[in-house]
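*Asks:* So the sequence lines, in the order shown, correspond to chains A and B. In case it helps, our numbering puts the first sequence at residues 1 to 480. In case it helps, our numbering puts the second sequence at residues 1001 to 1488.
Hint data in this document are derived by calculation from the structure and do not stem from the laboratory. Any given hint could turn out to be false.
Rough simulated footprint, nothing fancy, chain B against chain A, three-plus residues with beta-carbon under 8 Å [unchecked claim]:
| hint | region |
| --- | --- |
| 1 | 48-59 |
| 2 | 82-93 |
| 3 | 178-191 |
| 4 | 264-276 |
Virtual Cβ for every residue (Gly too), placed ideally from N, Cα, C.
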Amino acid sequence: MEFEPVIGLEIHAQLLTRTKIFCGCSTRFGAPANSHGCPVCLGLPGALPVLNRAAVELGMRAALALGCQIAATSVFARKNYFYPDLPKGYQISQFELPLATGGHLALPGSGVEVGLTRIHLEEDAGKSLHEGFADSQRKSYVDFNRSGVPLIEIVTEPDLRSPSDAKSFFTTLRDILVTLDVNDGNMEEGSLRCDANVSVRPAGQSALGVKAEVKNLNSFRFLERALEHEIGRQTDLLRAGDRVVQETRLWDAASGRTAAMRSKEEAHDYRYFPEPDLPPLQIAPPWIDEVRATLPELPAERRARLVRDHGLTRDQAEQVMRGRAGLTEYFEEVVAASVPARAAINWTLGEVTRTLNEADDQVDALRQRVPPAALAALVALVEQSTISGTVAKDVFEQMYASRESAATIVDRDGLAQIDDADALEVTVREVLASHDDAVSQYRAGKHGALGFLVGQMMKATRGKANPKLVNELLRKAIDD
Amino acid sequence: MTISTRTLVEVRDAVADGAATAVDVCTDYLDRIAATDPSLHAFNRVTRERALERAAMLDRSRVADDHRPLLGVPIAVKDNLCTRGVATTASSRALDGFVPPYDATVIARLEDAGAVVVGKTNCDEFAMGSSTENSAFGPTHNPWDLARSPGGSSGGSAAAVSARLVPGALGSDTGGSIRQPAALCGVVGLKPTYGRVSRYGLLAFASSLDQIGPLTLTVRDAALLLEVIAGADPCDATAAPNAVATYADGLDGDLRGIRLGVPSGLLEDGVDADVGRVFDEAVAAFRAAGATIADVALPHASYAIPVYYLIATAEASSNLARYDGVRYGHRASLDPATATLTAMYDRTRSEGFGAEVKRRIMLGTYALSAGYYDAHYLKAQQVRTLIRQDYEAALESVDAVLMPTSPVPAFALGDKVDDPLQMYLLDVFTVSANLAGLPAMSVPAGFTPGRLPVGAQLVGRAFDEAGLLRIADGYERANGWWRESPTL
């Protein structure tokens, strides 16, 4: 029997605010332990939360970019559980009425549409430190710097059907959040984290199987590997006639396995109830419009626009977007300087990218050495047949090295194309005279031999001869 | 003028006019506390040195025309209000050793207004109780009869004002904790509209019900104290931005045309006969002063007690989760080599909390549990809305609702503490103002034949403390029960 996996993801993303979600403490990563704390984020008696407007706006940015509906009224709720890194004994989150619902994300390439269930705002907990101290055998420590850092939790529908799609979703979402300046995309520092709900079912069955929640999937590779392992584990169980148990499992990267963490029976009863210390969050349409107006272009929109406006193929669009940061903007500025898009993209993906790769330079360096207008001027020389494409590549290399303009280089080195038939006549005669064989072959009907002769002409003129003219002159000379 | 007859306004004026220094006044009151409090136990902690230093500082830095509203006035504050550098316990072992690094907003406002905080008053543990017997440090005694309870949970603040140990105090009121002890001790107690006063720095019991308010000898004193502590606060998202009136200026003593509603249906059962008689006399006195009295219906008021004890305990179960021994307060001493985290939590909280607090945490945890939430917490919230709508409807036809503050006068210490349900029922007339979020105050209305004070309660419209104070002041001028003081 064939089995089909069903996967949904829960992604926690730290919001790039300057201060925490309910107090004025800094969110900066890497400060000495417990140096960013106050009565509010340390849960001291009597302290009260006050919502950070910037956190709401970043949450709104993500929600709008992902096509979610932002709730006119959303409500904060307390999620109650005891843990030493949770200073109040509850996490302020959102439960019944989240910030945003609906929305979707299309996976690039496959076109799979993944539905989003909800996006809600919440605070992060502190960090428990169980290792690395002289007395770690007997004690654990807690660093509260992270306590109260704002997060959004993005929950997907169970729309994913393979580990590679799940990975693709996570990378695409990360790109979007980074593009939006909502999140820094840094998984090593824990500012982007992922959990997955996984079940398997016989192919063709519509009812969902029993799911396991897999935690600790904090890299793209771990997400894919953990899902592969977990799907295999569940499939093996079902094939053997066993049942999958609903539970939370932890991915262990070292062993490459998931292990049971707690069963459904051991699951917490979080006793959610509306947070009485915070009034409901009201978001009126003008505020939504204001935030929407500041959204940058998202990857999918940009790809579509490049295809639509510049006639790029989908593949070219993806290549230029996947290139070094700012490469697309560079390309578009070259186009804006009156270069045909087809020439501009060939240059951008060809010589430009090759040169950047060889020099291991960023687009900033490119802009200093060959600004878009300078490349446009070079392409114009080709378009006007002042120089040949072959010469142009050499000129670009010199421009990149010396920061000189194309015209300067072409003039100084006498690289302009030779369009004068008289000026080429002597060379034509010389070439024909020294390649009798080729001339005979051509006369015998082997037209390919002409190409060889053109090559000899170009070689003799160091690439400067106008190839079209050379063709005509050679044919005429032989036929005569 | 002897200290025992001075109102807060008179003390302030004496300092402002230069008739007395802040140090003189402070010393007088501190000496009186030192002499009397051992028999009352109104205070958990008297901050004598700090208070005298501050009074001296006020005298030193005195500038001409210092019109600060509380200049040189000694004030006592309930021990669930954070005071920077002064231990704050909420009368619980759970907070052993906790010294707040910050002041509650109301404390900062008192001091900005020139007040001198002289100490932290006793209360029921985490303000949970109606007798001040649920204090880890022992009960407070009622100044009118030391064998009796001062009420609670702000019993220490009420007793201190009643015994003239301070001219004013702050308490907190979640279900009657300012008004009921004020009634049982014969002083004025005001619970403001929810959101009128910042809760920042108040150790939360039930966040959607808690309000801080004044306890004083006179209505004018309460108006003055409220004016100082009220208003928006960037540290409390539930503090309302509504402008704060100059409450004391509106007290003209005129009750003509005032309409009061008595919920007679609610008063049919369970009111002590002596309390009933005093209340009837108060109604007559209002009428004599020009007010009209009408009957009002509060059809859902009879559900107020169960609704209150579901919502308040639910919120408390969450609010008290932070007292876990990890960062501050009491932590059970266990062998770290063998103790588990769960054992640390269990032992710490078992040792730290008293019986009533544990009972309420368990009740509230149950009310919020999966499978019970809809039937308990959610249903209680729905009925809460109905209770608020009852009041809103009644307050369209009357200016305030009038009823007794407490169904009984001060009861003997030990009498009810072992019967929680009996104790909960004492809150029958006070909890609905918290559920509805409305301002309510208790004013002295006379005495039982056994010379125990009785309070009359007025409940007004949201954010209309000015109207409420004006009515209470009109009644007080016509009667003046506050002038009677207990003999100690």
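*Asks:* Are the hints correct? Go through all of them and say.
*Replies:* Status of each hint after checking the structure:
{"no.": "1", "hint": "48-59", "result": "holds (count 4)"}
{"no.": "2", "hint": "82-93", "result": "holds (count 6)"}
{"no.": "3", "hint": "178-191", "result": "violated (count 0)"}
{"no.": "4", "hint": "264-276", "result": "holds (count 5)"}
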